[in-house]
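S.K.: The chain contents come next:
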Amino acid sequence: MATTVIRDLLDQAFPGGEIDVEDRTGGGDHFQVTVSSERFNGLSLIQQHKLVNAALAAPLADGTIHELRIRTKGTA
Amino acid sequence: MSTLQEQIKQVIDTEPVAVFIKGTPEAPACGNSMRALQALWQAGAPIAAIDVLPDPRIRQELTALSEWPTIPQVFVKGELIGGADITEELFASGELKTKIDEALGADHAQTVRTVELALGE
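So the protein sequences, as listed, match chains A and B.
The first sequence runs 1 to 76 under our numbering.
The second sequence runs 1 to 121 under our numbering.
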């Protein structure tokens, strides 16, 4: 399932981070991801979102993710 | 005629606030494009909107330039500030208005227009 794929990719990219993946519509392609990670400490919001986009580049590129909402937080 | 990529770059570089959306400000075709437009409008931005839907190449060329995979994309003074989520977050914290006022001066006009790209062949 896409939710599991997304969660696994985020777990790999943000080890030890707090990760939540929500299928917003139940249709398996509109997602809200919330990531809290020390990797975000000291980064601007756009840099933080770029890290999430990079982690999910494959499902974004192949259309698995039709819509992605991102919320990020550092741990500092 | 300049290439599509040159036109996109030109819009980003010359428009104080450029937002690439699905649809138009009058008829946004996607909830996220609408969220970005609303945050920009509430922050008092002069909005120049570019519809990516008329040709898939617009989105391809834009993403190649910006390294941002999704639509909408908001640029202030040539700099990508983010998509709908960041634009909303920055609006809620007041940073969006500060950023726009700093970039344009506090007495700038609030306008909404659609910029058409020449698509050629």
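The hints are simulated quantities; they were obtained by calculation from the structure and are not laboratory data.
Beta carbons: idealized from backbone N, C-alpha and C, even for Gly.
One or more hints might be untrue.
The calculated SDA-like cross-link candidates involving lysine to any residue, where the alpha carbons are at most 20 Å apart (straight line), are [as the list claims (entries may be wrong)]: (1) B:K77 / A:H30; (2) A:K73 / B:G78; (3) A:K73 / B:K77; (4) B:K99 / B:K22; (5) A:K50 / B:E15; (6) B:K22 / B:S66; (7) B:K97 / B:W41; (8) B:K77 / A:Q12; (9) A:K73 / B:E89; (10) A:K50 / B:W41; (11) A:K50 / B:L65; (12) B:K22 / A:Q12; (13) A:K73 / A:G27; (14) B:K9 / B:E89; (15) B:K9 / B:W68.
Quick list of the computed label-pair ranges, beta carbon to beta carbon [as the list claims (entries may be wrong)]: (16) A:P15 / B:G105: 29 to 35 Å; (17) A:T75 / B:R57: 36 to 42 Å; (18) A:S44 / B:V112: 23 to 29 Å; (19) B:P56 / A:R24: 23 to 29 Å; (20) A:Q12 / B:E67: 18 to 24 Å.
S.K.: Give a verdict on every hint.
M.R.: Evaluated hints:
1. B:K77 / A:H30: Answer violated: B:K77 to A:H30 is near 31 Å, above 20 Å.
2. A:K73 / B:G78: violated (26 Å)
3. A:K73 / B:K77: Answer violated: A:K73 to B:K77 is near 26 Å, above 20 Å.
4. B:K99 / B:K22: violated (24 Å)
5. A:K50 / B:E15: Given that 20 Å is the threshold and the Cα spacing comes to 23 Å, the pair is violated.
6. B:K22 / B:S66: Cα-Cα ~17 Å, so holds.
7. B:K97 / B:W41: holds (10 Å)
8. B:K77 / A:Q12: violated (35 Å)
9. A:K73 / B:E89: Within the cut-off at roughly 12 Å; holds.
10. A:K50 / B:W41: violated (25 Å)
11. A:K50 / B:L65: holds (14 Å)
12. B:K22 / A:Q12: Judged against 20 Å, a Cα distance of about 32 Å means the pair is violated.
13. A:K73 / A:G27: It is violated: about 27 Å lies between the C-alpha atoms, which goes past 20 Å.
14. B:K9 / B:E89: Violated. B:K9 to B:E89 sits at ~26 Å, over the 20 Å cutoff.
15. B:K9 / B:W68: holds (14 Å)
16. A:P15 / B:G105: 29 to 35 Å: violated (45 Å)
17. A:T75 / B:R57: 36 to 42 Å: holds (41 Å)
18. A:S44 / B:V112: 23 to 29 Å: Since the Cβ atoms of A:S44 and B:V112 sit about 27 Å apart, the hinted range of 23 to 29 Å holds.
19. B:P56 / A:R24: 23 to 29 Å: holds (25 Å)
20. A:Q12 / B:E67: 18 to 24 Å: With a Cβ separation near 21 Å, A:Q12 and B:E67 satisfy 18 to 24 Å, so the hint holds.
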